[in-house]
Structure formats: structure tokens, C-alpha cells
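Mapping of the sequence shown onto our numbering: residues 111 to 240, in sequence order.
What the hints contain is simulated information worked out from the structure, not anything from laboratory work. No residue lacks a Cβ here, since even glycine has one placed at the ideal position from N, Cα and C. Possibly wrong hints are sitting among the right ones.
If you anchor each label on the Cβ, the simulated ranges turn out as follows [unchecked claim]: (1) G142 - E172: 11 to 21 Å; (2) A151 - T209: 11 to 21 Å; (3) I121 - A151: 18 to 28 Å.
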Amino acid sequence: MEKTRITIIAITGIVLFFLANYLCRFLLGFSGLLASLIIAAAIAAYMGFSVARALERMPMAEEKSRLLWIYGGFLGALFAAFAAWLFLGEGFDSVVLATLFLHYLPYPALAHVFLSEGVMRRFLGSKHKP
111 MEKTRITIIA ITGIVLFFLA NYLCRFLLGF SGLLASLIIA AAIAAYMGFS
161 VARALERMPM AEEKSRLLWI YGGFLGALFA AFAAWLFLGE GFDSVVLATL
211 FLHYLPYPAL AHVFLSEGVM RRFLGSKHKP
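Please model the complete structure; the sequences and the hints are all you need to start from.
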């Protein structure tokens, strides 16, 4: 049952990625690396909080790994496809590649931070005592 919960949280994080980026970048006109950092932090906080509430305990390494691989892997494939599309039209440009990487990196990195033991303890509150 935990596998299903973790998978649902990861898929919800992916959906939030699309919705938050659309809202922030296209409807509000707020873009750039700062937007990526804010969106990534909000999604990571949601994922950490959701894992804590769904499991009501510290997630095992397998559960963290599953969540990060599904979430980070899908976003990585999405960014790689976008980079390929850009490079097909304009040719390879290392600055574009670095910019895309800097926009991608906060998503799995902050998800990893929000799934860390210290942050998860805060989300769990008094339910988890070391």
C-alpha cells in the first residue's frame, strides 16, 4: 500500500510542476531561476508533508528512492526532451544546456532535502520520537 501512496504523491508532484509553472510563468509573468526555485521549494514541501501524513512515520530509504526516481526521472526526461528540441532547431549551445540544467536541478534537489530526516521530523511533529 505504501508503494501506491508514494507513487501517487510523486505523480501529484509532477502535475503540480506543470500547473505551478503554467500559473507562475504564463499567467503571472514571473519567470527566471528564482521562479524555478520558489516552485521547486513549494512542490518539495508539499511532497515532504504528504509523505509524512500518508505514512505517519519516517519514510524508508526505498520509499524515498522511489519517490525521487519517479519525480526526478520524469522531470529529467522532460527537460532532456526540451533540450533536444531546442538543440534540433538552433544547434548545440552550452549556455542553453547550463541554463536548462540550473532550472531542472532545484526540483529533485529540494525534494531530496524535504525528504531528509530532519525536515521529516518537523513534519511528523510529536508522532515520531527518535
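Against the structure, the hints come out as follows:
The hinted range of 11 to 21 Å is not satisfied by G142 and E172, whose Cβ atoms lie roughly 36 Å apart. For the pair A151 and T209, the supplied restraint of 11 to 21 Å holds, since their beta-carbon distance comes to about 19 Å. Against the hinted window of 18 to 28 Å, the Cβ-Cβ separation of I121 and A151 comes to about 19 Å, which satisfies the hint.
Of the numbered hints stated above, the single one contradicted by the structure is hint 1.
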